[in-house]
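*Asks:* Add chain B to chain A, keeping to what the hints say.
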Amino acid sequence: MIAAVAGTAWRTPLGRELRAVASRLLAGERAARPSPLFDASAYRCTLGAAIPDAPTGGRHRRFLDRVGLHALEVGLEALATAGLRPGDPRLDRAGLFVGTAGPRPRWEEMLAAFSGARADGPWACGLQKLHPFWMLQHLSNNVHALLSMEAGIRGEGATFGGGIAGAEALLAATRALDAGALDVALVVAYDSLLAPEALVDLGARGIAAECGLDALCPAYDEDASGAVPGEAAVAVVLARPGELPGEAGRIEVATGVDGAPLPSGEPRAAAVAAIASRISRGDRVVDGAAWALRAQDDDERREVSTLVDSGALLTTTAAAFGKLGAAAAVAQAAAWIELLRRRSIPPIAGLRRAAPGPLSLVASPAGAPGRSALLLSTAAPGLASAVRVEVA
Amino acid sequence: MRRAVITGAGAVSAFGVGLPALFDGLAEGRAAVGEIRSFDASTFPVHVAGEVPIAAIDAQWLAREMGAVPGGEAIADRAAATGALRDRKVAFALLAAAEAWRSAGSPATGPKARLSFAVGLEQAFFEDLAPLWTGGSVDWSREPDAPLPAVRFRSPVDLGPRLVARLLGLRAPLVIHSSACAAGALAVAHAAALIERGEADLVLCGGADSMVNPLGIGGLARIGAPSPRNEPDACRPFDRRRDGLAIGEGAAAFVIEDESRARSRGARVRARVLGWGSTQDGYRATAPRPDGAAARRAMERALRRAGVVPERVGYVNAHGTGTPLNDPAESLAIRGALDGAAVPVSSIKGAVGHLMSASGAIELAACLLAFERGLLPGTAHHRERDPDCPIDVIGERPRRARVEVVLSNSFGFGGQNVTVALGNPEAAS
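Protein chains in written order, with the numbering used here: chain A, 121 to 512; chain B, 243 to 671.
Calculated directly from the structure, the hints in this document are not laboratory data.
A portion of the hints provided could be inaccurate.
Unchecked claim - 20 Å max Cα-Cα, derived SDA-like pairs, lysine to any residue:
id, chain 1, residue 1, chain 2, residue 2
1, B, Lys354, B, Arg344
2, B, Lys354, A, Ala380
3, B, Lys354, B, Glu441
4, B, Lys354, A, Ser397
5, B, Lys354, A, Leu333
Bound conformation, chain A alone (with noise of 0.2 Å):
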């Protein structure tokens, strides 16, 4: 199932216009800073990557948290980038899937609640100081709901979770297209890896980079030191191809499951080539894994050097954007159409020791050796997901 890819909107840790964050990536910077939006210092990743700009927020701003406003807002760009406004008869027959992560409570609001609460019996003295909203702000599709409101959105959808929902939505799209049910596709994918509980799970699982600024080495690189958590708000609109005006690229994709994945609760590499290869045609540029962190990496490029060309090139945007959790597959769809279009290949921010292995590391930017490109992400419990991107 193959969907053309009409229009895209995003807030990413390296800004929010499209071809300026092409730019930056082909410049080879990275977004990692310290914790940009709480003190992290007693953490073991004490680094972040977010997103600079705030939201405009507007009424909505009651019932959806910073990120959710960002896809909000990214939703309707996008659908503007695709000629497509609110009121448009072709919205009746527009579906909106959309992928978080899960709605992550924001807890300094509850600490109202808690100091209120008596600690000699239940919490309904704190509870009580909770906003009426505190609910609704929590409901897995609130950005859903919303942006069907906004958009005029009548169609099919859904809202997906989990560590790639994201290539789920992408996916529920492309299938929905396939099938008939729709004309058009919003995509929505959003997620924050910015939040105390968040940093605290991917410490504990050993993946996130524990070292300063200074140190850090991305993946693929000889001292690779970690992931950096990071943010985005990314929306294409899907379209069967040659069916919409502005055709920018088309995608496909592959998602699955390692039943055995490694104790960090990441995917095996071989089981991330096995979902590739569904997808994979002879591709001369991947977007890797990433993980950064050197054993995993060396595994990743050995099994994904079976798949692609033996000449291929591998980069990563994780190494300039930050993890991107639940929204990675679409953010990766996103860069890489622009990316190609413009015929370039961005290097992997910040390599300074390539590490020795298959498949060749770019360093600098390059031209790109062909029309496609294979885009890998991976989260826990053993998720994977492929999209492979292709433009005329």
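*Replies:* Frame of chain A; chain B shown alone:
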């Protein structure tokens, strides 16, 4: 052509653990909403719920209730050791899945056996934070050294499904539906689509949810969705006196497979999944479209996909929340989609409460009562007809009927509408 059928079903509800408990409760016209017992809710504005009648969940109990499922004890032990059982919906998911699997004849799993499951709000437990609460703030840096599972901050959205997949040896992708109250029905629709498209041989699907805990009850009470009356008849669907929902908890799971595969292995076909439809209101965040137009289109799409004319529909299991706004809008949708025909309609939410993400799944399980016992579930606490709900609402007692096609509606927050059409396996296809 591949056709999706249900060959296994399991349920956990306020009537107890097991589909027979649900069937018996509904067949006898009972209701199970009552005072919350699993924690002290006496000071909360809401203290009744459709609570699963279990005070405490431990590994031994869970393993025993799951019955003869290989590896069940190990999974129960693991869930207990990691603190997962503090999240009641995790245990409910395991119980419903194990029952569904057993009732399907414990089919062999292959590489194309998948999981499509709906889960509720990612749960946080207020009590979990207490050990970290000092001097007016939460000290997160203490967490890495906190003795797990005494402190568990968040239940990953797919925690229950992960354990279900491990329990049943499902190796293909698990897809987590989190479309609020529409999620359970969407998970089943997703499963049927995978079967019809040949992307899976067999899918374990359904939903599990529980908000019967201080944070869930407290948060929902702050919204004002539950009935303000703390009475067993808190939820009175389609009744003129209705004033809000009753919070419920539980799970339902199904084994769905291709009909020819099911028949070839001698499995009992319990229902056909004929079709489904989903739409979005695109109206308001906190209220359904008053004219029910989008919900009507979901029903019409389900019928069209099923290739069924409205005259063949013998029963509608309504979303029927018992809230002032939902029931009239849904009545309009039902009348419109079924050309005004007087098709029997009921809601089981008065009996078991609103199971949130699992509501679509438990209500599909209730629909099986029509095929297996020839009974249409009643609408607990529906006593006074509302002229704003001009449909044939089944009263408190179930109604005997033989039906060919049933529809089940599930409507989520913000106007996400799903209808699933089930067919009687004994009727001509």
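*Asks:* Hint by hint, which ones does the structure fall short of?
*Replies:* 5
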